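Engineer: The primary structure of each chain is shown beneath.
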Amino acid sequence: MQPKHMMEGYRILDFTQFLAGPTTTRLLAEMGAEVIKVELAPAGDPTHQLPHRRAGRSGYYIQQNRGKKSVCVDIRNPKGLALIKELVKSCDVLLENFSPGAIARLGLGWDVVRHLNPELIMCSISAFGQTGPLSELPGFDYIAMAVSGVMDMIGDPDQPPYFPMLGIGDVSAGVHALAAINAALLYRYKTGRGQYIDISLLDSYFHSHEINVQAYSGSKGKIVPRRSGHHHYAAAPLGLFKCRDGYLFMVVMARQWVPLCKAMGRDDLIDNPNYDTNAKRVQHRLEIVAIIEDWLKDFDRDDALRLLEDMHVPVAPVLSVPEAMEHPHLIEREVVRTIHDRGYGDLQIPGIPLRFSDFPEPLDLQAPYLGEHNREIFSQLAGATVAEVAALEAEGVLVSEPLPAGVTTIASA
Amino acid sequence: MQPKHVLDGYRVLDLTQYLAGPAATNLMVQMGAEVIKVEIGPHGEPVRNFPFCREGRSGYFIQQNRGKKSLCLDPKTPEGLDIIKQLLKHCDVFIENFAPGVVSRLGLGWDVVRELNPEIIMCSISAFGQEGPLAAYPGFDYIAQAYAAVSDLIGEPDRAPSLPMLAFGDVGTGVHALTAIGYALLERARDGGGQWLDISLLDSYFHYHEVSVQAYSASGGKVQPHRSGSHHYAVGPSGIFKAKDGHLMILALLHQWAPLCRAMGREDLIADPKFVDNDARMIHREEMIAIIEAWLQTLPSDAAALEILEGARIPCAPILSVPEAMAHPHMIERRTVRTIEDRLLGKFQIPGMPLRFSKYAVDEDIQAPLLGEHNAEILQRFLRYSPAQVRDLESRQVLFSKPV
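Chains as they are written, first to last, in my numbering: chain A, 55 to 467; chain B, 59 to 462.
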């Protein structure tokens with residue numbers, strides 16, 4: 055029988071909240087894995103409260119948690135912990151992104167869970183990693199970004215740095231975790247052995263330094279990487295240029311300098327000895343930027359874009375989020391995708407970035423309501439009766455929010 | 059027998075260059091896979107000349123290509139193309155990052171490759187993906203970043219956006235490619251059969267939008283994502299604050315506002331209606347920033363500020379430069395920054411392996427190949443070519459190598 059998607063048959067026990075960990079399990083759910091999201095009683099994943107909200111539902115939560123099953127448990131209660139330990143026995147992967155040490159204090163450290171299930175793969179995601187002087191500190195995306203030397207590389211040299219208004223570090227750490235879990239699953243497939251994986255935002259951010267670390271180190275400190283605003287410090291013209299109504303990104307390599315000069319009607323620049331190599335153009339880059347922007351000031355961004363595209367200059371419009379969401383390429387490829395939540399209604403989110411030829415259609419997934427799958431999961435996988443689950447809910451060991459009228463639960467296949 | 063690492067036994071034919079593709083195979087090789095890097099003769103991988111260079115060796119090349127085997131050939135010759143085709147029969151993965159359509163024109167499109175080896179996983183990496191209106195355009199990291207509406211979210215609102223001086227997009231796309239390849243291998247182990255993977259910088263960059271796309275869409279355009287300089291536009295305090303010596307990142311979200319007020323000795327602000335919740339603090343953002351920066355100026359040093367904030371469990375950090383990060387005890391202890399030794403370039407530092415497995419330590423002793431260093435080994439082992447045949451192909455410029 056053809057599986058419904060790549061990871062059908064794998065079961066993931068997911069203690070993660072916020073963004074980095076939920077990114078990993080979201081991609082696993084998109085690939086067909088069964089993800090049991092363990093939410094901490096009484097309120098569950100804090101992102102249930104994040105904007106934008108409608109009908110009691112958070113778009114943020116929906117984007118990150120589609121296709122997962124929610125159980126909401128008081129793990130500090132021994133009965134809750136016992137149920138979770140039963141689930142550990144039937145899962146392939148356990149993920150958590152608490153502060154280092156917290157999962158062990160809950161009674162679910164690697165030394166405990168590996169004995170419950172010797173084939174288990176456990177992955178911890180944290181800001182700074184499970185060991186080292188910084189491991190105990192609280193951390194979020196931008197904190198790891200600051201420590202990694204990445205934030206210092208964004209902005210004008212004489213001004214404070216900037217940070218991007220999006221969660222590059224969290225999402226990237228989530229994808230790194232996904233890769234490591236996969237390799238461990240491949241290894242387990244051959245050897246039958248589980249293992250523990252330590253993923254951090256700091257490692258993932260630092261991994262993005264394709265040039266800075268080696269160039270500083272290799273040159274013995276002669277090359278000091280530094281932020282340089284809208285234009286690159288090592289190549290020119292390479293940067294963001296102002297048009298009448300917006301900005302263009304342009305990179306002009308050696309063979310595109312002459313066509314660019316011609317397009318600007320500035321054939322006189324072609325033989326100008328100040329500009330005939332990249333090194334000289336870097337030296338005179340502010341002059342060059344001024345010349346190009348003086349030419350562009352009479353152009354709308356999209357007109358200049360077409361003109362430069364015709365000359366095969368690598369160029370792009372700096373699109374705003376709304377513009378990107380309306381771009382025909384992003385729509386055609388479903389880079390931006392419209393989904394329908396049972397409570398919230400229609401919503402656009404980024405599409406799945408992993409495209410498999412054997413599984414071209416995305417799965418139809420729903421984000422769970424809090425504790426929606428308490429009964430299903432604990433009766434099927436932990437041997438509890440429906441009455442016992444109800445009693446535990448009455449006791450507050452398990453929590454579930456009532457489904458609104460007209461909303462039906464998604465039964466497992 | 060104990061495998062040497064998690065991907066021991068997998069073989070990859072790597073037709074990628076520059077950064078995104080090599081980042082994927084860089085991680086694979088560090089997990090024990092055998093990676094045969096096919097370089098296009100006569101010069102091979104263009105980054106062999108990227109800075110920093112010494113002794114004819116590029117630190118850039120070494121960082122991305124340690125542990126790979128180099129086979130340098132001309133795929134436009136029939137014999138060169140045939141070598142690639144024969145090798146594909148021995149590989150689990152074929153990865154390429156040419157512009158869409160180029161591998162097909164070389165005679166190595168998915169239709170050909172799957173016939174040669176029905177179990178192979180082929181992964182194509184491109185700027186915009188294999189089809190769609192932008193597919194044919196030339197693309198680099200920053201180009202996809204601009205189209206993905208990521209550049210637009212970096213910098214001051216009333217000025218041009220700022221370019222990050224590092225390649226999130228290429229490296230991130232490489233990691234996305236790695237995951238897709240790995241899950242395809244896992245599926246193949248159970249169900250059999252290869253498939254073709256289409257990975258792009260645009261998809262990977264757009265995937266980073268954790269809030270902006272849904273918030274704009276769901277609010278019917280009321281929430282307009284925008285760059286907002288050194289402070290976040292939607293939550294706070296969350297930003298870069300001027301301190302005594304330099305700048306500090308401070309993130310005091312929701313429940314951390316009261317501890318921050320107490321840490322500053324300003325209990326009076328906790329219940330102040332101007333700052334009582336996140337919405338109020340966003341309305342009075344400038345005033346709030348001024349209060350925090352004024353407090354930071356009263357402290358003797360940034361270190362003193364960090365000590366107080368860390369004591370109150372408020373997420374904070376110094377904004378380290380690359381050299382400072384490389385010298386930080388945490389990065390050194392965990393080998394987030396790692397020293398390697400190239401046979402020619404000598405010792406220098408690169409970022410460490412970001413995937414940490416309990417069963418295997420990182421292998422420090424792998425070398426980036428010289429151009430065509432493994433021509434003879436690869437052709438003899440898999441295709442039974444004799445040393446004389448390899449020499450003949452080198453003399454006829456089907457194969458290339460560059461001895462030291």
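Simulated from the structure, these hints should not be mistaken for laboratory data.
Since we're looking at a predicted model, the values are computed, not measured.
Treat the hints with care, since some could be wrong.
As the list claims (entries may be wrong) - Here are the simulated DSS-like cross-link-like pairs (lysine-lysine), alpha carbons at most 25 angstroms apart as the crow flies: (1) Lys-460(B) with Lys-244(A); (2) Lys-276(A) with Lys-58(A); (3) Lys-460(B) with Lys-127(B); (4) Lys-133(A) with Lys-143(A); (5) Lys-62(B) with Lys-276(A); (6) Lys-280(B) with Lys-139(A); (7) Lys-244(A) with Lys-62(B).
To be verified - According to the in silico footprint, chain A covers these stretches of chain B (three or more CB under 8 angstroms from chain A): (8) 125 to 131; (9) 138 to 148; (10) 275 to 287; (11) 320 to 330; (12) 367 to 374; (13) 386 to 395; (14) 426 to 433.
The C-beta atom is built at its ideal place from N, Cα and C for all residues, glycine as well.
Engineer: Now, for every hint given, state plainly whether the structure supports it.
Structural biologist: Now for the hints, and whether the structure bears them out:
1. Lys-460(B) with Lys-244(A): At roughly 38 angstroms apart (the allowed maximum being 25 angstroms), Lys-244(A) and Lys-460(B) break the hint.
2. Lys-276(A) with Lys-58(A): violated, 55 angstroms
3. Lys-460(B) with Lys-127(B): holds, 14 angstroms
4. Lys-133(A) with Lys-143(A): holds, 16 angstroms
5. Lys-62(B) with Lys-276(A): The given pair, whose Cα atoms are some 38 angstroms apart, is violated under the 25 angstroms limit.
6. Lys-280(B) with Lys-139(A): violated, 45 angstroms
7. Lys-244(A) with Lys-62(B): Within the cut-off at roughly 13 angstroms; holds.
8. 125 to 131: violated (count 0)
9. 138 to 148: violated (count 0)
10. 275 to 287: Coverage by chain A holds for the stretch 275 to 287 of chain B (11 residues, Cβ < 8 angstroms).
11. 320 to 330: This one is violated; 0 residues, fewer than the three required, reach chain A with a Cβ under 8 angstroms.
12. 367 to 374: Contact hint for the stretch 367 to 374 of chain B vs chain A: holds, 5 residues under 8 angstroms.
13. 386 to 395: Check passed, 8 qualifying residues.
14. 426 to 433: violated (count 0)
The structure fails to meet hints 1, 2, 5, 6, 8, 9, 11, 14 from the earlier list, while all remaining hints are met.
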